[in-house]
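All chains should be built: construct the whole structure from the sequences, respecting the hints.
So the protein sequences, as listed, match chains E and V.
According to my numbering, the first sequence is numbered sequentially starting from 5.
According to my numbering, the second sequence is numbered sequentially starting from -7.
There may be inaccurate statements among the hints.
[Unchecked claim] The calculated label-pair distances, taken between Cβ atoms and stated as ranges, are: (1) V:6 - E:43: 22 to 30 Å; (2) V:71 - E:78: 37 to 45 Å; (3) V:74 - E:100: 28 to 36 Å; (4) V:75 - E:56: 41 to 49 Å; (5) V:10 - E:76: 41 to 49 Å; (6) E:65 - V:53: 32 to 40 Å; (7) E:74 - V:52: 31 to 39 Å; (8) V:63 - E:66: 30 to 38 Å; (9) V:52 - E:32: 19 to 27 Å; (10) E:113 - V:31: 15 to 23 Å; (11) V:75 - E:74: 40 to 48 Å; (12) E:77 - V:-6: 22 to 30 Å.
[Stated by the list, open to error] Under 10 Å between C-beta atoms, here's a sample of chain V residues computed to sit facing chain E: (13) -7; (14) -2; (15) 1; (16) 26; (17) 28; (18) 30; (19) 35; (20) 36; (21) 37; (22) 80; (23) 82; (24) 84; (25) 94; (26) 95; (27) 96.
[Claimed, not checked] If the Cβ cut is set under 10 Å, some of the chain V residues that face chain E in the computed set are: (28) 38; (29) 93; (30) 97.
If you're looking for bench data, these hints aren't it; they were derived computationally from the structure.
Where a beta carbon is used, it is the ideal one built from N, C-alpha and C, also for glycine.
What follows is the residue order along each chain.
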Amino acid sequence: GAGVSQSPSNKVTEKGKDVELRCDPISGHTALYWYRQSLGQGLEFLIYFQGNSAPDKSGLPSDRFSAERTGGSVSTLTIQRTQQEDSAVYLCASSPQGGYTFGSGTRLTVV
Amino acid sequence: AQSVTQLDSQVPVFEEAPVELRCNYSSSVSVYLFWYVQYPNQGLQLLLKYLSGSTLVKGINGFEAEFNKSQTSFHLRKPSVHISDTAEYFCAVSPYNNNDMRFGAGTRLTVKP
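As structure tokens, then:
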């Protein structure tokens, strides 16, 4: 597609459940990023994929968080045993180089 | 890894006043620099970017930023703001040799009538 697509746009889940968030990057973009934006907070880096290199996972806040990128394209961010503090907007972006294109995000609410 | 510091978390200004949003970065390699804007309830949009060449970069909506290598700064400026400029502004840095972009914590610009 023309832009970065994220799904679902909104997700409400019960505490303790697992959730999967999906990102379809722009075709041909080799780099893909996940960020988290909590209410009133800035952008928190989570994970970065670049081509076939090992991902930079240094931003993942705990071992409940993981992400995959299959075939160098679609990425899935998985949060296991969700907690209320996981509530945030999860943003995906893709890039060749020289600036990202962001998706519109997934708003996750853990109740 | 590189890092970005946005010195002001909130900047309130009156309409038609000038504004400067400050950004400093740290990196061991040469970098590209960016400003993104997030309007209320919307996603992030690229405002302007410095890749090379002239250190004064002009972006959309009358904004500009100046890259100062010696001071490792990339401050954003607008000579006269409008109510519609109320938004969150993020400074970001990405090394020349990869796509690993990091963002500052953001500056909330509030323009008052």
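>> Interface hint check: residue 38 of chain V, Cβ to nearest Cβ on chain E, cutoff 10 Å. Holds or violated?
In response: holds (5 Å)
> So the hint says 32 to 40 Å: do the beta-carbon atoms of residue 65 of chain E and residue 53 of chain V match that?
Replying inline: Roughly 34 Å apart at Cβ, these two residues keep to the hinted range, so it holds.
> That 22 to 30 Å hint for residue 77 of chain E and residue -6 of chain V (C-beta), does it hold up?
Replying inline: Check passed, 27 Å falls within 22 to 30 Å.
> With 10 Å as the cut and Cβ atoms as the points, is residue 95 of chain V at the interface with chain E?
Replying inline: holds (4 Å)
> Is the hint on residue 26 of chain V kept, meaning its closest Cβ partner in chain E is under 10 Å away?
Replying inline: holds (6 Å)
>> Just to be careful: measuring from the Cβ of residue 35 of chain V to every Cβ in chain E, is the smallest value less than 10 Å?
In response: For residue 35 of chain V, the interface hint holds, since the closest Cβ of chain E sits about 5 Å away, which is under 10 Å.
>> Just to be careful: measuring from the Cβ of residue 80 of chain V to every Cβ in chain E, is the smallest value less than 10 Å?
In response: holds (8 Å)
> Can we keep the residue 96 of chain V interface hint, with Cβ of chain E closer than 10 Å?
Replying inline: Check passed: Cβ of residue 96 of chain V comes within 6 Å of chain E, closer than 10 Å.
>> So, as I understand it, the hint says residue 28 of chain V touches chain E; can you test that by seeing if any CB pair is closer than 10 Å?
In response: holds (8 Å)
> Hey, does the residue 97 of chain V contact hint survive, CB to chain E under 10 Å?
Replying inline: holds (4 Å)
> residue 63 of chain V and residue 66 of chain E, beta-carbon distance inside 30 to 38 Å?
Replying inline: holds (37 Å)
> With 10 Å as the cut and Cβ atoms as the points, is residue 93 of chain V at the interface with chain E?
Replying inline: Since chain E brings a Cβ to about 6 Å from residue 93 of chain V, closer than 10 Å, the hint holds.
Comparing the model with each earlier hint shows no violations; every hint is respected.
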